[in-house]
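S.K.: Here are the chains, one letter per residue:
Protein chains: 2
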Amino acid sequence: MPVNVIAPSAAHGRPVVPSRGRLRPLGLDDVQITDGFWADLQRLNASTMIEHAQAWMERLGWIGNFDAAVEGRLPQDRRGREFSDSEIYKLLEAMAWEVGRTGDEQMDARLRALAARVARAQEPDGYLNTMFGRPGQGERYSDLHWGHELYCFGHLIQAGVARARTHGDDEIVQVAVRAANHVCDVFGPEGRQGVDGHPEIEVALAELYRVTGDRRYLEQAKLFVDRRGHGVLGDIELGAQYFQDDVPVREATVFDGHAVRAVYLAAGAADVAIEADDDELLAAVATQTVTTLARRTYLTGGMGAHHEGESFGRDFELPSDRAYSETCAGVGSIMVNYRLLLATGDVAHADAVERTMYNVLATSPAEDGRSFFYTNTLHQRVPGKVPDEDEVSPRAASSLRAPWFAVSCCPNNITRTVASLAAYFATTDDDGVQLHQYAQSTIRAEIPAGVVHLAVRTTYPVSGRIEVEVLAAPPGEWTLSLRVPAWAAGATVTDGGARGVEPGYAAVRRTFAPGDVVVLELPMAPRWTWADPRVDAVRGQVAVERGPEVMCLESVDLGADVAGVRVHTDAAPVERDGQVLVPATTLDLADGTWPFGTEPGAGAVTGSAERGLVPLVPYHRWANRGPATMRVWLPTVD
Amino acid sequence: MPVNVIAPSAAHGRPVVPSRGRLRPLGLDDVQITDGFWADLQRLNASTMIEHAQAWMERLGWIGNFDAAVEGRLPQDRRGREFSDSEIYKLLEAMAWEVGRTGDEQMDARLRALAARVARAQEPDGYLNTMFGRPGQGERYSDLHWGHELYCFGHLIQAGVARARTHGDDEIVQVAVRAANHVCDVFGPEGRQGVDGHPEIEVALAELYRVTGDRRYLEQAKLFVDRRGHGVLGDIELGAQYFQDDVPVREATVFDGHAVRAVYLAAGAADVAIEADDDELLAAVATQTVTTLARRTYLTGGMGAHHEGESFGRDFELPSDRAYSETCAGVGSIMVNYRLLLATGDVAHADAVERTMYNVLATSPAEDGRSFFYTNTLHQRVPGKVPDEDEVSPRAASSLRAPWFAVSCCPNNITRTVASLAAYFATTDDDGVQLHQYAQSTIRAEIPAGVVHLAVRTTYPVSGRIEVEVLAAPPGEWTLSLRVPAWAAGATVTDGGARGVEPGYAAVRRTFAPGDVVVLELPMAPRWTWADPRVDAVRGQVAVERGPEVMCLESVDLGADVAGVRVHTDAAPVERDGQVLVPATTLDLADGTWPFGTEPGAGAVTGSAERGLVPLVPYHRWANRGPATMRVWLPTVD
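Chains as they are written, first to last, in our numbering: chain A, 1 to 638; chain B, 1 to 638.
Some hints could be false.
[Said to hold, decoys possible] Derived contacts from chain B toward chain A, CB cut-off under 7 angstroms, selection only: (1) His307; (2) Thr529; (3) Arg534; (4) Gly592; (5) Thr598.
These are calculated hints, taken from the structure and not from any lab test. Even glycine gets a Cβ: it sits at the ideal position worked out from N, Cα and C.
Pulled out of the complex, with its shape left as it was, chain A reads as follows:
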């Protein structure tokens, strides 16, 4: 039975559509990124990354699992991990955004063909999972801890939501609705009182409610949010905090446990809070996010310090060595922070989105779009081993990007986020338009006074100059708000005359005529960055940032290991011919028999080279030139 789907023209291709909040989202119909850093990545996504992902999942049989289900060849022919179905759904979501972004008909045909293979495997009652439920397989929902059935449904529903918002009703939308109905039937108020080991169904059901208006999905999402945190999943060796089942989300004070699970849950809880008018829950998620940014987030925006349990560390425990900083946790952080930006208008969330976009999202894919970081260390001690083109890597073993992983959430999370990225750049409110992220782009926004058209011209982050030309504007005063990042002390806005503006939102309120130009100048000189002294891992070290980009030192630029480099902070980093350079001395370090001793340096320093300038590269570009050692945080000369 078909379901009512809000017309895609009303959805504007928006990835998140809350019914209330300080700011209102724009969508892929409203914002087009036309050139520069993110346009390049979107083109790479369209030309290569999405296809790369599909080819791998076809080759490994993960897509074929759906055919095998139809043909009765399961479980014997099943391939991949228990959550592999979700990877196909993330890919479908990426394709849906991509079709919405460009109208690419070939991509649309690929999406339909893939959706049809998925749809055929759906059972009459809406259940759909290639890992469970058949003779020889585990029973449905027999392993809520690790089975990921509801997690898979969540990503299926998100694919349906993306398709509904960019295209309208379609086969994958109906598959998603049937799956959601099934979930509500089984896990509803009178049903099984369980939750999934991996949150994701919450955010998906809340969004499906927004698409369909059917409150049953919202109520089910709320049930899942409220059930969790009471030990309903039982204990495991990693502890119940691993899947956020130790403390109810409305009582938690900071993100904890498995980082991706934590941020996915927070995104779902935020959506539930907004739609259910639950301001206590919304405030809890906002507090957790702000506290996590203050104490448990890497300079890159990355979240999750530990390899074990892929989890958050304690406050200020942010080791550079083996920083886990899973790519998917970065994607999830963008999901949460964007929702909170819409809900509260707090610029800190837009700052966090930008930091994470440049230094996690953009770091994962290789320049050629054919390999990806799963984890994002901030310190590489030993040059990594390049995985073969045909090799499936374990999730975190390689220190180079890998073509594919046994657990391949990260590449698929990249593709869906990159395809929908334009939506994160601008919003509206009753009074005007807010620009949160900057790229060469066009923006069309409806505000109460009428329709605004903007052209944004910039090479940001190459340059910090951002020109916003008004192409069309309604009569009367309205406000153009331009985000000034927290790092951009000394920024100016030129609107007629130039004026200094503080970090936050620089507001230009007046009547606008076509051809009016407002210029934001962000200071892009590279700068030293120090850490809170409780971040023990980087004591005696500094990082370098340039605009939104975190820089790093890579051994390929030294012709030597990075271990001996000591920087001098008595002078600022400089930029020459587009390259960032820092004053540094290189120490000779000798091997000993015991690395601890009664003098500073423990006797290991045997000499040093002359002071000179050492080049850095943006962190998101590291490891594109073969195996290397790398540091984000650089020891200072004592």
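Use these hints to put chain B onto chain A, whose structure you have.
M.R.: Structure of chain B alone, referenced to chain A:
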């Protein structure tokens, strides 16, 4: 069929009996620790720890598994993890050493009773494991990766070896021999070409060869050593280095992968190398050990940096935060270093044994002997939760000592090592007697010239004064060698007159008469210790050591968290009334919204208290006074 066992009177209660080497071991019959630090721990072991371990394993049904096997109640009545049998064997080994040490008849009766329960479960062909081989259980050796069957046999054989060397032939010795024969039958040259996921059988079979003279055991140990490292176990997500199956042990250059597995394997490889006259293999193990001490060992002697995979990190990757430093890896390090000390006479191995004894072995058990550290972090950021007396803890979750763990190798490894510890204190060679560790003790040693009796009088490490009185000596010159630890610059030996001695072995060669006294004075003033600059985790920090003890700062002594303390290294630490104090200032640290900024300290430092003296405690004593935060490495004032 009984087997020939070397008479215990010839074994002297020695835990390790190599047939060749630079030094010859003494045993529990030769060395008695009579008072002081280690005597106290041995008494606690005898009075409390061994009984505590047995009571827990009885209560949890791990011992009952053997009864259930006999009574046909497996698998339904089986309790505990797949390797729980091994815990009973470690306990039997501890009991055997304890009976050997003291002759305690009650302990002997308990040992016999427990051994009888184990013996009854042995199958006619020698196989013995409560987890495998019965209807409803996995087949024998169907899971060499994780099943731990050969690992369990290894500990069973070590229990038999300990009993043989302290008592002579006995039921548990025969059980061990039958098990060893079974292993040789199944895994021999023409048999199954497998190895166990967890090394241990190697060292055990080599020792059983030493006990029985049956070369078949040595050959089998050698087979296991040689087979490993060629990917015979296949790959796992953690990588083949997890169980040292990536590189043959004779080609490895440093310990890698799971730390306990690595050091157990090294101990077995060393024994095989010695008995098989394989000097290449012995040199490989020695090089790996020396390199691991130089690059991959904590100040405490602890090994293994990562929680994930319980594994070694890269060179110089030694985070204080969540340092894994598993207690069992410390025990294994003592095993390896003691073997290499005997083989090579290199004092570095005796230094490593002492460091590990005081700062890992002694750290694990609580003052009351009723709870244990499994991991040994060097930085506790958040006060831990005290486990209930009746609660079984996950292996690494609690930051306080726990009464028992689901994986309880550590308490049992402590009990067997503490009971046999005296053997590690002294050795002989053709020329005399070497004292490696110091405690109030008596030593009887046979050297070619005759029998030496010594009385060692000291309160070490309270005092650094060690008096060695010769009670009996053969005629003619011989050498009394006293280890001067690497940290003991400024040590003196008084033999008639005082003379300065360098770290290494201070040799006193002369004829001795009863009543002669040689005095070693080790400087015990607390000292600052710095790390090699490649140990990034402790950059800008110093530790304090006093003699062999690593000190730490514990919040219970501050009445505040340890995070704000900054030490002044312009003055030395001092000792007053037996308490070590360091000059320090305490910073006020404020919360912010983002922990990185454009000035040192990132704006978090809002004030500081007056300079004063802050007390430290030995690391091995921390967390005996309830939940606390703790640091070994202390940030210095900038």
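S.K.: Hint by hint, note whether the structure agrees.
M.R.: Hints versus structure:
no.	hint	verdict
1	His307	holds, 4 angstroms
2	Thr529	holds, 5 angstroms
3	Arg534	holds, 6 angstroms
4	Gly592	holds, 6 angstroms
5	Thr598	holds, 6 angstroms
Checked against the numbered hints above, the structure breaks none of them.
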